[in-house]
Amino acid sequence: MKENPCMRTFQNKLFFTLVTCLAWSVATLAKEVEDTKAWEKEVPENKQDLLAIQTKLQSVLTKAKEAVVAVQSGGGAGSGVIVSKDGLVLTAGHISGRPGRSVKIVLPDGRRVDAVTLGGSEISDSGMCRIKEEGEWPFSPMAEKGKSQVGDWCFALGHPGGFFEKRGMVMRIGRVIHKRHATLRTDCRLLGGDSGGPLFNLDGEVIGIHSRIAMTDDANFHAPIESYHEHWDLFKEGQMISRRDLQKGGFLGVGTEETEEGLKILDLVKESAADKGGILEADVIIAIDGEPIDSQEELFIVVGSREPDDEVVIDLRRGKKELTITLKLGKRPE
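Per the working numbering, the sequence shown starts with residue 1, numbered consecutively.
Just so you know, these hints were derived from the structure itself, not from any lab. Any given hint could turn out to be false.
Using C-beta positions, here's what the derived DEER-type ranges look like [what the hints assert, rightly or not]:
no., residue 1, residue 2, range
1, Ser-242, Lys-85, 24 to 32 angstroms
2, Arg-98, Gln-54, 38 to 46 angstroms
3, Val-150, Lys-270, 37 to 45 angstroms
4, Leu-280, Arg-111, 52 to 60 angstroms
5, Gly-168, Ser-242, 33 to 41 angstroms
6, Thr-324, Lys-65, 45 to 53 angstroms
7, Gly-319, Lys-147, 37 to 45 angstroms
8, Leu-323, Gly-168, 49 to 57 angstroms
Don't be surprised by glycine CBs; every beta carbon is placed ideally from N, CA and C.
Please construct the entire structure, taking both the sequences and the accompanying hints into account.
What follows is the structure, given as structure tokens:
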């Protein structure tokens with residue numbers, strides 16, 4: 001039978017179309033895999049990785065900015081983020097202060113609305129407010145507990161220096177460099193006025209709230225979102241977690257300073273657990289019971305969460321040597 005030339009032409013076109021579609025699908029899949037892996041790599045390997053991270057950030061930034069606010073109280077100002085459609089605002093504990101205070105929330109378009117402060121924690125520096133005006137507010141979702149990990153890319157939003165409508169909020173990108181129960185550290189650069197603002201992952205979820213600037217401006221502290229999950233109902237009810245709650249616990253008896261070396265011992269309380277246990281001035285605390293200690297906050301929490309007479313194992317750096325000391329915690333002096 002003689003072959004139909006029209007049929008041959010159709011078959012050739014069909015084959016070409018199928019090959020083209022297959023090649024496009026493979027290329028698209030490879031591109032998606034490459035992009036997905038870009039922000040999961042320890043270090044971006046090339047320009048394409050950086051562009052993939054940039055594209056991912058741009059895809060969530062616009063929506064994230066809609067929920068970021070300024071918090072004004074008296075002569076002070078900070079930042080915050082709306083996390084529920086009925087107007088719950090997360091901020092830093094030192095911004096919200098005691099429960100029941102009246103504050104102003106400044107929305108991205110410059111509109112000001114009344115709010116009242118709710119509960120918070122002096123330990124993690126977490127705070128909460130509620131917008132009084134009824135309505136459905138734009139909000140950002142909170143990440144689940146444990147989702148953020150060391151090495152994750154993140155971005156910070158806030159109003160450094162206060163709210164300026166023409167300038168708008170400021171965005172900085174970085175990575176999570178340290179995470180513990182009550183503290184999270186990143187290399188996102190923060191300035192005064194950023195306190196209380198949100199830290200986002202690249203899925204547009206809130207993973208922390210800006211707390212304070214460290215010794216270097218590229219290592220900053222945030223209250224992890226876990227501290228809000230853990231005490232959500234208590235905060236909404238206007239309850240506070242104070243340092244007094246931990247002052248009833250164990251007592252080490254050291255004065256410390258956060259340095260680039262770590263948490264350095266400046267002085268010792270005479271006859272305290274630290275003094276009796278062999279800790280010396282200028283020692284650097286590395287860990288307690290295997291839990292790394294990088295800040296005064298972490299030391300306070302770890303020691304205060306234990307009881308007087310509890311035995312702890314402390315890893316120290318003394319000069320160029322590392323050593324381990326086991327001692328019993330004391331009781332805080334009256």
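Per the hint of 49 to 57 angstroms, is the separation of the Cβ atoms of Leu-323 and Gly-168 within bounds? Between Leu-323 and Gly-168, where Cβ atoms are some 51 angstroms apart, the hint holds.
With respect to the beta-carbon atoms only, verify the hint that Val-150 and Lys-270 lie 37 to 45 angstroms apart. Holds: the Cβ-Cβ distance is about 38 angstroms, inside 37 to 45 angstroms.
Just tell me: holds or violated, for the beta carbon distance of Gly-319 and Lys-147 against 37 to 45 angstroms? The hinted range 37 to 45 angstroms holds for Gly-319 and Lys-147, with Cβ atoms some 39 angstroms apart.
For the hint 52 to 60 angstroms, verify it against the beta carbon of Leu-280 and that of Arg-111. Given range 52 to 60 angstroms: holds, Cβ gap about 57 angstroms.
Whether the CB-CB distance between Thr-324 and Lys-65 falls inside 45 to 53 angstroms: For Lys-65 against Thr-324, whose Cβ atoms are near 48 angstroms apart, the range 45 to 53 angstroms holds.
Given a hinted range of 24 to 32 angstroms, is it respected by the beta-carbon distance of Ser-242 and Lys-85? holds, 31 angstroms
That 33 to 41 angstroms hint for Gly-168 and Ser-242 (C-beta), does it hold up? holds, 36 angstroms
Given the hint of 38 to 46 angstroms, is the C-beta distance from Arg-98 to Gln-54 inside that range or not? Between Arg-98 and Gln-54, where Cβ atoms are some 42 angstroms apart, the hint holds.
Every hint from the earlier list agrees with this structure, and none is contradicted.
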